[in-house]
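The task is simple: from the sequences and hints, build the whole structure.
There are 2 protein chains.
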Amino acid sequence: MRRIRLIIQYDGTDYAGFQVQPDRPTVQRALEEALGRLLCEAVRVQGASRTDAGVHAAGQVVAFTTENPIPVERVVLALNALLPPDVAAVAADEVPADFHPQYSARRKQYVYRVLNRPLPSPFLGRHAWHVAPPLDVAAMQRAARPLVGEHDFAAFRAAGGAAKTTVRELFDLTVCTQDETIEFTLCGNGFLYMMVRNVVGTLVEVGLGRVPAERVAVVLASRSRSMAGPTAPPHGLTLVRIDY
Amino acid sequence: MRRIRLIIQYDGTDYAGFQVQPDRPTVQRALEEALGRLLCEAVRVQGASRTDAGVHAAGQVVAFTTENPIPVERVVLALNALLPPDVAAVAADEVPADFHPQYSARRKQYVYRVLNRPLPSPFLGRHAWHVAPPLDVAAMQRAARPLVGEHDFAAFRAAGGAAKTTVRELFDLTVCTQDETIEFTLCGNGFLYMMVRNVVGTLVEVGLGRVPAERVAVVLASRSRSMAGPTAPPHGLTLVRIDY
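Line by line, the protein sequences give chains R and V.
In terms of the working numbering, the first sequence opens at residue 67 and continues consecutively.
In terms of the working numbering, the second sequence opens at residue 67 and continues consecutively.
Think of the hints as simulated: they come from the structure by calculation, not from any bench.
Even for Gly, the Cβ is constructed at its ideal location relative to N, Cα and C.
Where hints are given, some of them may not hold.
Said to hold, decoys possible - Each pair of labels, with its calculated beta carbon distance range:
no.: 1; chain 1: R; residue 1: Q112; chain 2: V; residue 2: R69; range: 55 to 65 Å
no.: 2; chain 1: V; residue 1: G226; chain 2: R; residue 2: A228; range: 55 to 65 Å
no.: 3; chain 1: V; residue 1: P135; chain 2: R; residue 2: A228; range: 55 to 65 Å
no.: 4; chain 1: R; residue 1: P184; chain 2: V; residue 2: T243; range: 25 to 35 Å
no.: 5; chain 1: V; residue 1: A228; chain 2: R; residue 2: A225; range: 36 to 46 Å
no.: 6; chain 1: V; residue 1: A228; chain 2: R; residue 2: A224; range: 48 to 58 Å
no.: 7; chain 1: R; residue 1: A224; chain 2: V; residue 2: A163; range: 32 to 42 Å
Dropping the structure here:
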């Protein structure tokens, strides 16, 4: 038995998220179908992150176990020939039998993009949330600071999250502008259900001037979801990389 | 009666081209439906270019006639609120009653993108043709040179083109690399049916080393479609701008 790790990318627009669901297209199903054809056996993959419907990935990590002796350096090219065009494999390697993409992860990085200009864009808008009024980037940067570190992030967890503890460590949270796009980059040891989108939704409220920057530390301390801002839409979010 | 010109952008992936067709989603229909709702009257638009299924536009020009007194500076914002996310208006102005976006055009610019690397990309691949083997850019640049100027481009016209003459002037044809993307930029006074995609398909044959660069001048002179290379796929093509 061999255990193989893959780094994959996908445009999540047309998928009901990563995880298999009955009768709906998911990234996991697309992967398992392509792997099944490649390896001539039923394959089950585990993913590092169950990205939601519409969320993209530039560096999702998955792993699977196989009896097939295919050389690992052939997997990427062969798999890409079988995958739909909105999913691609970028790397493959062999890992120890106990490797689990989710539980073995030490650090995850997400980026959330906002297109901040009056006009929408059919090109950029597929991977960015269009917010027309000008956002106060300095205020959002100020509001983001108290979130960095180890905290109880219960205020930013959506209902439905099943994690045992709501304490996570956020290593870094930057807010950068590039042309008309604002990028929120979050690195942490793990994220609660919808945490990135709830953090961004709250920071955008600050950027719009609806909530003072100082308020975000109060929201965090409250541990109450009802104190935080709305959930930012999924299509602005990309899972960038996972370190082990 | 007022005549209004719009510059629009679209991601053509999910459309059966620009021009209205029965029972199929087209950009023209999406536009006419949104304009109909905005102006409370049936609106018919004329487009500068009938882009094919899957082709994108960053600067398509359309025009329509209306009785509605809506201030022209309000049209763009109001229209974007009614258009689907893969179509957007970027500018609007009032033009003389005899303005026709196709017949009044003096110069059109298209860009064709090729993603030239072993691995496909779910992000870049939506707007670029993925060609895995390394292309010889210098050979393609050499092959492109004799195409510039006024010529009979019959060899690069697909069957089904209805133009009276196959003579066109190509003002410029550049082949540039940017990271792993190769961009073919074509400016001309007009283009025959599928001409850009047939030119790019032929140049890529040169880039792959299947056809010598010197051959392209012979293909042009032959005026025979069977001499030219295959048609490049639609999703790499974007209509960039039109000058009047």
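C-beta pair A228/V, A225/R: status relative to the range 36 to 46 Å that was hinted: violated (59 Å)
Tell me if the beta carbons of P184/R and T243/V are separated by a distance inside 25 to 35 Å. holds (33 Å)
Is the gap between the beta carbons of Q112/R and R69/V within 55 to 65 Å? Given about 60 Å between the Cβ atoms, the range holds.
Supplied distance hint 55 to 65 Å, evaluated on CB atoms of G226/V and A228/R: holds (57 Å)
A224/R and A163/V, beta-carbon distance inside 32 to 42 Å? violated (55 Å)
Between P135/V and A228/R, does the C-beta distance stay in 55 to 65 Å? Holds - the Cβ-Cβ distance for P135/V and A228/R, about 57 Å, lies within 55 to 65 Å.
Confirm or reject the claim that A228/V and A224/R have a C-beta distance inside 48 to 58 Å. 56 Å Cβ-Cβ, so the 48 to 58 Å window holds.
The structure is inconsistent with the numbered hints 5 and 7, although it conforms to all the rest.
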